[in-house]
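K.L.:
Below are the chains, spelled out letter by letter.
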Amino acid sequence: MFIIQDYINGLKNGKILGSKCNKCGAVSIPPHPLCQNCGDFEVDLFETKGYGELKNFTIIYVPPKSFETKPPYVVAIIKLEEGGAVLGRLRGVNPYVIESIKIGMKVKFDPWLERDNVIVAFSPA
Amino acid sequence: MEKVDIISVGMTRFGKHPEKTGRDLILEALLETIKNVDKGIDIKKEVEALFVGYFTPTFYEHQAHYGPLVTEWLGISGIPAFRTESACASSSAALSAGFFAISSGIYDVVIVIGVEKMTTLDTSEVTDALAVAADDIFDLSTGITFPGLFALMAQEYFQKYGENWENLQAVTIKNHYNGSLNSKAQFQNTISSIAKKTALKKGCSFKNDLDFLNSQFNPFVAYPLRLYDCAPISDGAAIAILANSKISKRFTDKPIHIIGIGIGTDSLALANRPDLTTSRAVINSSNAAYKMAKVGPKNIDVAELHDCFSINEVLLSEDLGFFEKGHGLVAIKEGRTSLQGDIPINTDGGLKSKGHPVGATGIAMIHEIWLQLRGEAGSRQIKGNPRIGLTCNVGGSSASSFVFIFEN
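Protein chains in written order, with our numbering: chain B, 1 to 125; chain W, 1001 to 1408.
Everything labelled a hint here was simulated from the structure, so no lab data went into it. These figures come from a predicted structure and were not determined experimentally. Think of the CB as a built atom: it goes at the ideal place given N, C-alpha and C, for glycine as much as any other residue. Take every hint as true, because none was put in to throw you off.
Pair ranges (Cβ atoms, derived): (1) R91/B with N1385/W: 57 to 63 Å; (2) H1062/W with G39/B: 37 to 43 Å; (3) R115/B with D1042/W: 52 to 58 Å.
Facing chain B, a subset of chain W residues (Cβ under 8 Å, in silico): (4) I1137; (5) T1142; (6) Y1223.
Work out the full structure, taking the sequences as your base and the hints as a guide.
P.N.:
Dropping the structure here:
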């Protein structure tokens, strides 16, 4: 059984991990220690390729105090090729030009470190 | 299972109370609650337990362990008491605990409290405090905020149902109108009067409400949501006293009966939900409450829904079955949820206008249903002698949901 640190370590190594149920085959990204479909305990971790498409986005104008990035910045829901979806920052787009951010655009995993915390982020592929 | 009644309610005005701490707000609300018991009550003699909902007192007041703190402050130290937490639904969790305590037959009279003292922190610090209701690992690490999570829901709703931000403003405009009739509300101005004041002050003019809401005076918080799509930061407390229905007539001839309760959950991590326009927590909790009360959405005469952000009133009204998916905004624009509509929603101004001291919100909703079902809501009283009311109070991004159904 994996612990959440395995997922975070994966991110630091540039990989988004997923889990796959040995019993029913259901895929969960991000990974879950128990199958979200059938509840089975036997799940295996796997590495996604880190490619996906933009499902949805918002632009944050009022950030939390604990966050260092200057607003505005884009946070998006990224649907990964292997299934499942993750929340992540979208880099390489202009938050002042909303029309430049297109639903369905192809993106790749492109994280960075901030005070040793990994920021899940994507860039246009 | 014993039946549970509400025998009194009370609340502070919501808004900024710079001089008062959480316990001061609770005491103020309690004095009103005691005054509102039609036949009087000796709380020291009658109250057997206390449950207090407060989301994050550790952030705002460097204080936890609120149960015994409150019993001491209210002069009833010694009785069982604890704090309940389910983010913005923390006091619905307190009401649930109180309901279970009486329905199990263990206690006959309990006090349930909701409170939050938020204005000790500035906006970015409050954003941080509220954020702990989201998944720290999967969500918060991206720099998302609560307005951001609901903005994502709004985006998906607009795309899926061909709706837009302009139409969404009907929620804000309605709730500000209702709030203008509520002396307990934080904001008691209609959008039109706010626009008029702004125009005078800034030397500009607005064609209508939407023109104002579309202006620089309504800045973006998280695209597409702007300031007036968001409930404010507030201080406040709200209280209800519950009693076993076998003895409630000792306290009032007009108790409100709790006939349905439902609680549900969904994933905190927003991306893990297949459809952002619906919440499994809300669906499950409403189904359970309807089943227990033996009623359906068509039987509800008045409802209080958790409009922490404008879009959520729409999403909840659909998940609760008042309207078909994708039809909620049309219904609001047609006036069906106004004070004169067939299903008035947020007659007290909602979280947007009444204010949203998050831990107090669930019981403040019950406060309004109490007034409406007893015919005591004054200038915002709905017509036709409403008989059945519903509250839906959610935690975080609707990852927890509490639905209660009441009958007079």
